[in-house]
Structure formats: structure tokens, C-alpha cells
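Enquirer: When you get a sec, could you build the whole thing from the sequences and use the hints?
One-letter residues, chain by chain:
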Amino acid sequence: MKVRTDWFQILDHNPKNLFATLSGAQQHFRAQLDPFLRDYISPLQGFFVSSVRDLKELNQRQVWLARDGILPLLFFFNQFKRPKNLKSKILIREDLLECVPEAWQPHIGSYRIVSVTSSPQPKSVFVYGMNTESLVSVKSCEVAMKDLDKIEISGLEKIYLYLPSRRFSVKESEHEAAKVLLTVLKKTSLQAEIVDWAEVLPTHDWKTCQIVNVQKNTVVADDWLLHTLLTRGASLVSEKMRNSEEFVYFSPFHGCAFNLKPSWKKTRPKEYDNYLREHMSSVEMSSFEWFQIFAGK
Amino acid sequence: MKEQNNKKVNSDAVGVLTSSAVAEWVSCRTIGANLFHVYKRLFQENLVVFDYNRALDFDEIEQLAIEISQKHLKTVYFIEHLPHPLELIRRLLKRLKKSEMPELVFHIYGDFTYYAPEWEELLRLTQGCRVRIYCASHRQMRLVQSFLRTSPNTIQYCPFAVNSEFYNFSESLRHQARRKLNLEGGDFVLLYTGRISLQKNVKMAIEEAFRFFAKARRRLHFVMAGDFDNLAAPFFGIHHEEGQYFQEIENLRMQIPVSQGRVTWAGSLEAEELRNVYHAADGFISLSLHHDEDFGMSPAEALSCGLPAVLSDWGGYTSFAGKNDRAFLVPVKVDNDGHFFSQRDLAVAFENTYRVSRLDGEQMSLRNAAAEKFSAQFSIDAVTNVLESSMAEPIEGQVLDVSAHFKTLAKRIGLFRLRKQPKVFKSPREALYKKIYGPYFSTLKGRK
Numbered sequence: 001m002k003v004r005t006d007w008f009q010i011l012d013h014n015p016k017n018l019f020a021t022l023s024g025a026q027q028h029f030r031a032q033l034d035p036f037l038r039d040y041i042s043p044l045q046g047f048f049v050s051s052v053r054d055l056k057e058l059n060q061r062q063v064w065l066a067r068d069g070i071l072p073l074l075f076f077f078n079q080f081k082r083p084k085n086l087k088s089k090i091l092i093r094e095d096l097l098e099c100v101p102e103a104w105q106p107h108i109g110s111y112r113i114v115s116v117t118s119s120p121q122p123k124s125v126f127v128y129g130m131n132t133e134s135l136v137s138v139k140s141c142e143v144a145m146k147d148l149d150k151i152e153i154s155g156l157e158k159i160y161l162y163l164p165s166r167r168f169s170v171k172e173s174e175h176e177a178a179k180v181l182l183t184v185l186k187k188t189s190l191q192a193e194i195v196d197w198a199e200v201l202p203t204h205d206w207k208t209c210q211i212v213n214v215q216k217n218t219v220v221a222d223d224w225l226l227h228t229l230l231t232r233g234a235s236l237v238s239e240k241m242r243n244s245e246e247f248v249y250f251s252p253f254h255g256c257a258f259n260l261k262p263s264w265k266k267t268r269p270k271e272y273d274n275y276l277r278e279h280m281s282s283v284e285m286s287s288f289e290w291f292q293i294f295a296g297k
Numbered sequence: 001m002k003e004q005n006n007k008k009v010n011s012d013a014v015g016v017l018t019s020s021a022v023a024e025w026v027s028c029r030t031i032g033a034n035l036f037h038v039y040k041r042l043f044q045e046n047l048v049v050f051d052y053n054r055a056l057d058f059d060e061i062e063q064l065a066i067e068i069s070q071k072h073l074k075t076v077y078f079i080e081h082l083p084h085p086l087e088l089i090r091r092l093l094k095r096l097k098k099s100e101m102p103e104l105v106f107h108i109y110g111d112f113t114y115y116a117p118e119w120e121e122l123l124r125l126t127q128g129c130r131v132r133i134y135c136a137s138h139r140q141m142r143l144v145q146s147f148l149r150t151s152p153n154t155i156q157y158c159p160f161a162v163n164s165e166f167y168n169f170s171e172s173l174r175h176q177a178r179r180k181l182n183l184e185g186g187d188f189v190l191l192y193t194g195r196i197s198l199q200k201n202v203k204m205a206i207e208e209a210f211r212f213f214a215k216a217r218r219r220l221h222f223v224m225a226g227d228f229d230n231l232a233a234p235f236f237g238i239h240h241e242e243g244q245y246f247q248e249i250e251n252l253r254m255q256i257p258v259s260q261g262r263v264t265w266a267g268s269l270e271a272e273e274l275r276n277v278y279h280a281a282d283g284f285i286s287l288s289l290h291h292d293e294d295f296g297m298s299p300a301e302a303l304s305c306g307l308p309a310v311l312s313d314w315g316g317y318t319s320f321a322g323k324n325d326r327a328f329l330v331p332v333k334v335d336n337d338g339h340f341f342s343q344r345d346l347a348v349a350f351e352n353t354y355r356v357s358r359l360d361g362e363q364m365s366l367r368n369a370a371a372e373k374f375s376a377q378f379s380i381d382a383v384t385n386v387l388e389s390s391m392a393e394p395i396e397g398q399v400l401d402v403s404a405h406f407k408t409l410a411k412r413i414g415l416f417r418l419r420k421q422p423k424v425f426k427s428p429r430e431a432l433y434k435k436i437y438g439p440y441f442s443t444l445k446g447r448k
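Just so you know, the sequences run in chain order H and Z.
Residue numbering for the first sequence follows my numbering, starting at 1 and increasing by one per position.
Residue numbering for the second sequence follows my numbering, starting at 1 and increasing by one per position.
One or more hints might be untrue.
With a straight-line cut-off of 25 Å between C-alpha atoms, the simulated SDA-like cross-links for lysine to any residue are [stated by the list, open to error]:
{"hint": "1", "chain 1": "Z", "residue 1": "K97", "chain 2": "Z", "residue 2": "Q127"}
{"hint": "2", "chain 1": "Z", "residue 1": "K411", "chain 2": "Z", "residue 2": "D187"}
{"hint": "3", "chain 1": "H", "residue 1": "K240", "chain 2": "Z", "residue 2": "K411"}
{"hint": "4", "chain 1": "Z", "residue 1": "K420", "chain 2": "H", "residue 2": "P35"}
{"hint": "5", "chain 1": "H", "residue 1": "K207", "chain 2": "Z", "residue 2": "A266"}
{"hint": "6", "chain 1": "H", "residue 1": "K87", "chain 2": "H", "residue 2": "S115"}
{"hint": "7", "chain 1": "H", "residue 1": "K2", "chain 2": "Z", "residue 2": "Q363"}
Derived from the structure by calculation, the hints contain no laboratory data.
Expert: Okay, here's the thing in C-alpha cells:
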């Protein structure tokens with residue numbers, strides 16, 4: 001009897017586009033956000049809600065993990081005001097729960113990506129995010145840099161910065177985020193180096209590296225680069241597991257803690273319009289147009 | 001086992017190019033370090049060491065070429081995986097006439113075919129220079145011979161060295177390791193080490209091992225040590241998304257009934273821990289079909305620790321079976337649907353591995369003897385001897401011509417790298433694929 005090697009068994013398992021084929025403009029938008037929107041494989045099928053054309057499409061799985069940030073989510077909830085004919089659950093990132101309309105709450109769970117290992121004494125830190133005001137603001141940098149405060153600085157040898165600039169913004173403040181980061185880092189007297197993730201990926205010792213993501217959840221809430229680094233043993237400054245959560249491994253080093261029945265009492269859903277307006281104020285028109293294209297509207 | 005004392009083959013200064021940059025592949029880090037050890041023994045104070053690493057820019061490579069050309073070296077040895085020698089050779093040839101060039105000795109690695117465009121150019125440029133190419137296995141030698149027309153003795157066999165001072169067998173260490181790793185139960189411990197990758201067929205190895213052991217009503221503990229990767233089989237246009245192979249194996253692991261045993265992942269281990277799991281295990285398995293499998297450092301270390309091993313009869317693995325009665329090879333076949341193994345061949349290899357392991361259990365000295373026998377061929381000492389006798393012959397080889405199919409491969413790889421072609425080979429049935437990698441099979445017509 002022939003025993004087929006993994007090589008040719010796997011062909012059928014190659015992931016395909018789950019939903020609608022992306023238009024040229026959408027593909028271009030995705031390219032602008034590369035590598036963050038790239039696909040990865042996990043037991044909780046990650047997808048972008050903004051690519052759904054009909055809610056029935058979602059009934060092919062019981063649980064989905066939405067990788068979208070707040071804007072695509074808002075577009076989605078605006079387009080599908082009620083979860084009509086939907087049988088499955090959608091997990092969204094726990095800090096975005098408050099944008100969920102009441103009608104949708106029974107179909108929504110929450111998730112967060114966590115490291116299962118952490119280097120007690122990291123030797124390096126990898127700070128990343130899109131260096132564009134609409135995606136990485138000065139404010140979000142300052143918030144995220146608090147993660148750095150939790151890291152024991154004394155043993156650190158190096159800080160890597162991956163802050164790609166892309167065509168999202170025309171403001172002069174585009175490079176502010178990188179400037180803020182460098183200023184903060186200089187205060188720590190650590191050696192900071194701006195790198196391309198692809199160059200350091202193969203050889204860096206990720207198992208002693210701590211990840212700091214300074215990107216806002218405006219467009220992407222669950223990005224490929226984070227998974228790629230965590231899969232190689234890097235760790236997040238993450239909270240401990242909670243009793244209410246279930247957990248699945250995405251790699252030997254990290255996974256997803258999720259809650260199919262999050263508590264809604266503590267969060268008050270805001271009105272869609274208010275929310276959208278609030279976020280619109282921090283997003284320039286050119287970017288917003290891109291978001292619209294991304295959401296296929 | 002004690003390594004022999006230092007040796008010295010001649011009094012002329014020779015150069016060796018090492019790399020201070022960390023190699024991307026774990027095995028290449030070991031290979032480069034062990035080869036350097038061999039050369040240090042052979043040439044001692046006559047060895048001039050140069051740092052040729054990936055971080056060098058063109059100006060720095062130029063500077064290095066100047067430095068090498070001014071030393072009037074008899075020979076220059078390229079022992080590291082990367083960077084490719086081409087850039088340096090180009091610059092040396094600008095400074096020196098071919099008759100003034102030092103003898104060039106290349107230890108080639110498994111990705112010789114991937115770097116076909118660079119090798120094609122290098123071998124064309126160095127026509128008229130004195131060249132020697134060392135291949136790490138007999139199959140790789142055949143592969144390279146099929147690409148090049150050379151004068152006699154240009155392409156020679158020299159295995160990569162295993163540090164048998166470290167990877168050997170100790171009965172007391174086995175007891176300690178099994179205690180430490182909680183492997184003292186009756187389960188047969190089958191070990192895989194290396195990258196956990198589609199290229200290595202780890203999932204299939206787990207499936208087939210459990211099929212065999214369950215049928216024989218024996219419990220199995222399959223231990224994997226190494227990092228997962230998503231490199232897949234790009235030559236055939238097979239790509240993995242991040243996390244895909246992990247999920248494949250995780251799904252399989254969950255399906256294995258507890259009554260049949262278990263699969264555990266030991267992580268990516270440091271050398272000391274790796275030696276412990278080699279000692280604790282009862283058998284080793286690797287059914288790799290990786291196209292860069294010119295040698296196989298993981299199986300070599302396992303065999304150096306006396307483990308019986310189920311190995312694909314592929315590329316460099318085949319050389320381990322030469323004088324070794326513990327490497328049980330499983331022939332690799334190919335049909336219209338791709339590569340495959342025969343279940344019967346696999347069962348024979350599993351049974352042999354199990355049988356040898358049980359004999360070891362009764363008499364551990366057998367395992368020790370097997371480890372010593374393996375080291376006699378692949379230790380740093382053994383490789384030093386191989387090189388020493390090889391160097392007794394003057395390096396007068398020349399590459400005369402490159403085959404048409406190697407040129408075709410180089411062209412295809414060039415297009416593949418530029419993403420102008422999604423794959424290098426349409427399928428394993430393609431004539432070019434069989435012509436290129438035929439030497440890595442045992443079962444293709446005329447290859448036995």
C-alpha cells in the first residue's frame with residue numbers, strides 16, 4: 001500500500017479565499033497593510049468580517065475569529081443591523097466589545113492573543129506598528145510604551161523597531177510616532193535599531209524577545225506579524241488566564257484565550273454613529289476612503 | 001571515545017573562510033563550526049582565518065578580496081553555508097590572474113541546487129582555476145557529478161563532521177535522562193529532531209509509526225524536538241500559511257487514542273538537552289524528502305548516540321547505511337500523484353528499529369558499540385582523516401563544463417526567485433525534476 005507523503009496530502013488543505021474575491025482596489029489596500037493582513041492558520045478560523053457579503057456564509061463554522069479593527073467592524077454592524085439567519089458565533093477582540101450593538105451580543109464572543117511562555121529576562125524587544133498617524137498615533141505609542149515599563153530593562157541588549165510608512169496619510173505628522181518612540185527609547189539609553197521584520201526573522205533569537213505592538217486597532221485587531229513572531233517563541237506582556245476563558249493553541253508558544261459568553265453588563269454599547277464619528281476624527285479622508293474600499297462599501 | 005591528537009598536513013599558508021554571523025539553519029551552525037575544527041587541526045598555525053559573513057557590503061567584500069590576494073595563499077577553503085562564494089570569487093578574479101589564484105576548495109551544502117544560478121556563474125568564472133568540490137554524501141556527489149563535466153578527482157566525498165566527543169553513548173546518562181524526562185515507563189520512545197516541517201514529513205512519520213505500533217499492540221511515545229516552520233515545498237508551488245503545519249500535527253495528536261500512546265513536543269533544545277533526549281529515546285525517525293538533504297545532521301547525531309533509526313532512503317541519509325546496521329532505509333518512490341513510501345517497507349524499518357532497540361535493552365554495550373562504529377566514519381577525527389588523505393592528492397581539478405539541465409535549473413530558479421514562475425517543477429513526474437533529483441532516489445531506473 002502506498003503511503004502518501006505530507007507534501008502531496010497537504011495540497012487539498014491549502015487555504016482558499018473563504019468569501020468574496022477581493023477587487024483590485026481591495027487587494028491594493030491589503031498590500032498597503034502587508035504583512036499585517038496576511039493569512040494564518042488556527043483552529044479558530046480567522047477572517048475579516050468586512051469580506052462577508054451574506055451572513056449565511058458564516059454558518060459553515062460554529063465559531064469565527066474576527067481579525068478586523070474597529071472601523072471594519074462598525075461598517076459590518078452597520079451593514080448587518082441584525083444577525084438574521086446566523087447560527088455561528090463571532091469572536092472579536094475583547095477591547096472592541098463596546099462597539100457591538102445589542103442585537104448582536106448573543107452572537108459575539110471575545111478573544112485575546114496570549115503567550116504561554118514568557119522570557120523571564122528578555123534580551124531584546126521588538127516594537128512594531130505602522131508608522132502612520134491614522135494607525136499608530138502618538139497617543140497609542142505612549143500607551144503601548146507602558147508595556148515597555150513592565151519589562152526588566154537591565155538585561156536588555158537591543159530594541160528593534162519595525163515601523164513601516166505606507167500611503168495612508170499626507171499629514172506632516174506622519175513620522176511623529178517613530179519620533180516619539182525613538183525619543184522614549186533614547187531615555188532608556190538602549191540601542192534601538194530600525195529593521196525590516198523579514199530580515200531579522202530567520203536569525204533573531206525570538207525566544208528571548210518581548211513584543212510591543214504600538215498599532216491601534218483601527219483597521220486590524222489581529223495581525224499576522226504578531227502570530228509569526230509568537231510562533232517563533234517571542235512573548236507578549238500579557239495578562240494571566242482567567243477562569244471564564246477557554247484556550248486554544250495557535251503554536252507551541254501562544255494561543256487564543258476566548259470567552260463565548262462575555263459579560264455585557266460592564267460594557268455599554270455606544271451608538272454606531274457616535275463611535276464612527278469619534279474614530280473618523282482621527283482618520284484622514286484619504287485613509288477613510290481606503291477603509292471604505294477595504295470594507296467593499 | 002577519545003579524538004586523536006592534532007595533525008598538520010603541510011607548511012604552506014592556507015585560508016579558511018568562516019562566518020561570524022549566525023547561520024539561519026541550526027544544522028549549518030554546527031556543520032560550519034565542526035568543519036572549522038577539522039581545518040584548525042589540519043593546518044594549525046598555517047591556517048589564516050577570514051570572516052566572510054552576510055553582513056559584509058560590497059566594499060567590505062572588496063577589502064577582503066584584497067587581503068586574501070595579498071596573502072599568497074596556497075588554498076582557500078570555503079566551509080560555511082552562506083554567504084555564497086560568488087561575490088568574493090568575482091573580486092578575487094579581478095585582482096589575480098587565473099594562474100595566480102589560490103586553489104579553491106568548496107564544501108557545498110544541500111542548497112547547491114537552489115543556488116544553481118550563483119554556482120553556474122562561479123563555475124564558469126573559475127574555469128581554468130584549480131578547484132575541488134567536497135560533497136557531504138555519496139548521493140550528493142552523484143547529483144553534482146550529473147551537473148558538471150570535470151577533470152578527474154574534482155568532486156570528492158567528505159562528510160560533515162559530528163562531534164562524537166559530545167554525541168556518543170553513555171548508559172548512565174541514558175538512565176539519568178529517562179528519569180529526568182519521565183520516560184521510564186514501558187512505552188517505546190521514538191524520537192524526531194530537527195525542523196518540524198512539511199519538507200520533513202513529520203506528520204506522516206507520526207501517523208505511520210502509530211499505525212505500526214498499534215497493529216503490533218505496542219504503546220508508542222513519539223517525541224518531537226525542534227521548531228515548527230511553514231516553509232512547505234515551494235519548488236512545487238506548495239506554500240503554507242503561518243501556523244498551518246502546527247495545526248495539522250496538533251489535530252493528528254488529538255486523534256491518537258491514549259491506549260496507543262502519545263505525542264509530545266520537547267521544544268527547540270540546546271545541545272545538552274538534545275543529547276539527553278537522544279540518550280533517553282529508543283529509536284529515531286526522519287522521513288525527510290527535503291531537497292537540501294545532502295547530509296542529515298539530526299540523524300547523524302542520533303546515530304552517533306547509538307540509536308537505531310528509520311530513515312528515508314533519500315539524499316544524504318543513504319550514506320548513513322553504508323557500514324551501519326542501525327540505519328534502516330525506506331525507499332522513496334514517485335508516481336503521478338507525487339512521492340510515496342510503501343507501507344510494507346515502512347513496517348520492515350519499524351520492526352528492525354524495534355528489534356534492535358529491544359536487544360539494546362538487554363545489552364546496552366551493543367548500543368555503545370554502534371555509537372563507536374558510527375563515529376569511526378563521521379566524527380571530527382574521521383572527517384579529519386578523510387580530508388587528510390584527500391589532500392595528499394594535489395588539487396588539480398577543473399570544471400570544464402556545466403550540463404544543459406543544470407543551466408535550465410539555474411534559469412528556472414532565477415525566474416522563481418523573481419516570482420515570475422510560481423514553482424520550479426510542475427510535478428515530481430516532470431523529466432527535469434527526475435533528471436535533477438534522480439540521484440537522491442534509490443528507486444528511479446538506473447539509480448540503484
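Enquirer: Taking only the CA atoms, is the gap from Z/K420 to H/P35 under or equal to 25 Å?
Expert: Distance of about 21 Å is within 25 Å: holds.
Enquirer: Tell me if the straight-line CA distance from H/K240 to Z/K411 falls inside 25 Å.
Expert: violated (53 Å)
Enquirer: Could you grab the alpha-carbon distance between H/K2 and Z/Q363 and see if it respects the 25 Å cut-off?
Expert: Roughly 36 Å separates the two Cα atoms, so the pair is violated.
Enquirer: Straight-line Cα separation of Z/K97 and Z/Q127 no greater than 25 Å?
Expert: The given pair, whose Cα atoms are some 12 Å apart, holds under the 25 Å limit.
Enquirer: Between the alpha carbons of H/K207 and Z/A266, is the straight-line distance 25 Å or under?
Expert: Answer holds: H/K207 to Z/A266 is near 15 Å, not above 25 Å.
Enquirer: Is the straight-line distance between the alpha-carbon of Z/K411 and that of Z/D187 25 Å or less?
Expert: violated (50 Å)
Enquirer: Assess, step by step, whether the Cα of H/K87 is no farther than 25 Å from the Cα of H/S115, and give holds or violated.
Expert: violated (30 Å)
Checked against the numbered hints given earlier, the structure breaks hints 2, 3, 6 and 7 and satisfies all the rest.
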